Amino acid sequence: MKTSDKSKNIENIVETIENSASNPSKDKDYCLATLYLILDGEATDEQTMQFKLHLCECFPNFNNYCLETAVKEVLQKRIEKKCVPNDLVANIKAKIALEI
Amino acid sequence: MSEELNIEYLEKDKHRVFNEEFMPYIDAMYNFAFRLTTDEDDAKDLVQDTYMKAFRFINSFQKGTNGKAWLFRILKNSFINDFRKKSKEPNKVDYQEIEGFYNSEDADVDVVATHDLRTESVRDLIGDEVANALNALAVDFRIVIILCDIEGFTYEEMAKILDIPIGTVRSRLHRARILLKDTLKVYAKTMGYTQK
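In order, the protein sequence lines correspond to chains A and B. Residue numbers 1 to 100, in my numbering, belong to the letters of the first sequence in order. Residue numbers 1 to 196, in my numbering, belong to the letters of the second sequence in order.
Because the hints were derived from the structure by calculation, they are not lab data. Hints are not guaranteed to be accurate.
27 Å max Cα-Cα, derived BS3-like pairs, lysine-lysine [stated by the list, open to error]: (1) Lys52/A <-> Lys28/A; (2) Lys12/B <-> Lys82/A; (3) Lys44/B <-> Lys14/B; (4) Lys53/B <-> Lys63/B; (5) Lys12/B <-> Lys81/A; (6) Lys189/B <-> Lys95/A; (7) Lys44/B <-> Lys68/B; (8) Lys63/B <-> Lys95/A; (9) Lys52/A <-> Lys81/A; (10) Lys81/A <-> Lys189/B; (11) Lys81/A <-> Lys68/B; (12) Lys95/A <-> Lys44/B; (13) Lys93/A <-> Lys77/A; (14) Lys82/A <-> Lys44/B; (15) Lys53/B <-> Lys14/B; (16) Lys12/B <-> Lys95/A; (17) Lys93/A <-> Lys28/A; (18) Lys72/A <-> Lys68/B; (19) Lys189/B <-> Lys93/A; (20) Lys63/B <-> Lys12/B; (21) Lys72/A <-> Lys52/A; (22) Lys72/A <-> Lys95/A; (23) Lys12/B <-> Lys77/A; (24) Lys68/B <-> Lys93/A; (25) Lys95/A <-> Lys77/A; (26) Lys53/B <-> Lys68/B; (27) Lys63/B <-> Lys72/A; (28) Lys12/B <-> Lys53/B; (29) Lys68/B <-> Lys77/A; (30) Lys14/B <-> Lys63/B; (31) Lys95/A <-> Lys53/B; (32) Lys63/B <-> Lys44/B.
One side only, chain B facing chain A, incomplete, derived with CB under 10 Å [claimed, not checked]: (33) Ala43; (34) Val47; (35) Asn77; (36) Glu120; (37) Gly127; (38) Ile164; (39) Thr168.
Source: prediction; values computed, not measured. Beta carbons are placed, not taken as given, at the ideal position from N, Cα and C, and that holds for glycine.
The following block holds chain A by itself, in its conformation from the complex:
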């Protein structure tokens, strides 16, 4: 991420924290959006640090963090990975050969 983007992110975090004091609903939306950024490896260091500090103080968000992590894990680990049919690669290569 560019330095200017990081600065903007920090400004956004500060602004959101200031706003959230008077608007709990916005705070919840922001936490969920930040949670997804962290879960997907897209958050900045600052966002991750702020969020983890917040998790220690907020039980509902901690629960939500555990739930979202569990959902992502079952998607990655529980869904069956299909084996490629034996003839598929051979068929593709045979058709490619005919293209020449």
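Given chain A's structure and the hints, the job is docking chain B onto it.
Frame of chain A; chain B shown alone:
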């Protein structure tokens, strides 16, 4: 995107690039196709069609760039534009409703709606139940979950594959996850994994 550059490969180089840059992703491509079509024969046809298109348009692929994302984009477009039309009418998703999601009051309602899905219940689910919940989503939502959570693409790569802005990727993913949790909750309840 890099595929807009045209490179004239020699015939022998075409094969080398094809084998080195595209064939290693055949497993991921077949599984992506299967999760879209939910049928093994259809998945085979879709992958074959995708690889044929990749070979025909190989001059627009720059060697060393993201071959996996390039193939996923071709497969997704083939599925949406050609393949799905043959089998049924596409599922319509109301994007206007979704795009403004972060600012809407509905966001809060959705969080509450999935609140009683417990982490322990999710961990008790077996693969078939998770796969069925995923398949129950409209295809546009299913695609973002597959790309992000199963295939591990970044938001930027997803934006290129889907040809939409990153903000739209995030809002679509956000909505898809809420819908998936709702479906998982139903499965968990049916299987007796929850107290409710």
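Comparing the hints with the structure gives:
1. Lys52/A <-> Lys28/A: Judged against 27 Å, a Cα distance of about 14 Å means the pair holds.
2. Lys12/B <-> Lys82/A: 32 Å, violated
3. Lys44/B <-> Lys14/B: 23 Å, holds
4. Lys53/B <-> Lys63/B: With a Cα-Cα distance of about 16 Å, the restraint between lysine 53/B and lysine 63/B holds, given a limit of 27 Å.
5. Lys12/B <-> Lys81/A: Not satisfied, since the Cα-Cα distance of roughly 33 Å exceeds 27 Å.
6. Lys189/B <-> Lys95/A: Violated: lysine 189/B and lysine 95/A sit about 48 Å apart, past 27 Å.
7. Lys44/B <-> Lys68/B: Given pair lysine 44/B, lysine 68/B holds - Cα atoms ~17 Å apart, limit 27 Å.
8. Lys63/B <-> Lys95/A: 22 Å, holds
9. Lys52/A <-> Lys81/A: 33 Å, violated
10. Lys81/A <-> Lys189/B: 26 Å, holds
11. Lys81/A <-> Lys68/B: 17 Å, holds
12. Lys95/A <-> Lys44/B: 14 Å, holds
13. Lys93/A <-> Lys77/A: 31 Å, violated
14. Lys82/A <-> Lys44/B: Holds. Lysine 82/A to lysine 44/B sits at ~12 Å (cutoff 27 Å).
15. Lys53/B <-> Lys14/B: Given pair lysine 53/B, lysine 14/B holds - Cα atoms ~13 Å apart, limit 27 Å.
16. Lys12/B <-> Lys95/A: Satisfied, since the Cα-Cα distance of roughly 16 Å is no more than 27 Å.
17. Lys93/A <-> Lys28/A: 52 Å, violated
18. Lys72/A <-> Lys68/B: Distance of about 21 Å is within 27 Å: holds.
19. Lys189/B <-> Lys93/A: Measuring from Cα to Cα gives roughly 47 Å; hence the hint is violated.
20. Lys63/B <-> Lys12/B: 14 Å, holds
21. Lys72/A <-> Lys52/A: Holds, because 19 Å separates the two Cα atoms, which is no more than 27 Å.
22. Lys72/A <-> Lys95/A: Distance ~38 Å between lysine 72/A and lysine 95/A Cα, so the pair is violated.
23. Lys12/B <-> Lys77/A: Given that 27 Å is the threshold and the Cα spacing comes to 39 Å, the pair is violated.
24. Lys68/B <-> Lys93/A: 18 Å, holds
25. Lys95/A <-> Lys77/A: With a Cα-Cα distance of about 34 Å, the restraint between lysine 95/A and lysine 77/A is violated, given a limit of 27 Å.
26. Lys53/B <-> Lys68/B: Satisfied, since the Cα-Cα distance of roughly 14 Å is no more than 27 Å.
27. Lys63/B <-> Lys72/A: Answer violated: lysine 63/B to lysine 72/A is near 32 Å, above 27 Å.
28. Lys12/B <-> Lys53/B: With a Cα-Cα distance of about 18 Å, the restraint between lysine 12/B and lysine 53/B holds, given a limit of 27 Å.
29. Lys68/B <-> Lys77/A: 21 Å, holds
30. Lys14/B <-> Lys63/B: Holds, at roughly 10 Å.
31. Lys95/A <-> Lys53/B: 11 Å, holds
32. Lys63/B <-> Lys44/B: Answer holds: lysine 63/B to lysine 44/B is near 25 Å, not above 27 Å.
33. Ala43: 8 Å, holds
34. Val47: Where the cut-off is 10 Å and the nearest Cβ of chain A is about 6 Å from valine 47/B, the hint holds.
35. Asn77: 18 Å, violated
36. Glu120: 8 Å, holds
37. Gly127: At about 4 Å, which falls below the 10 Å cut-off, the nearest Cβ of chain A leaves the hint on glycine 127/B intact, so it holds.
38. Ile164: At about 16 Å, which exceeds the 10 Å cut-off, the nearest Cβ of chain A leaves the hint on isoleucine 164/B violated.
39. Thr168: 14 Å, violated
Hint compliance for this structure: hints 2, 5, 6, 9, 13, 17, 19, 22, 23, 25, 27, 35, 38, 39 are not met, and every other hint is.
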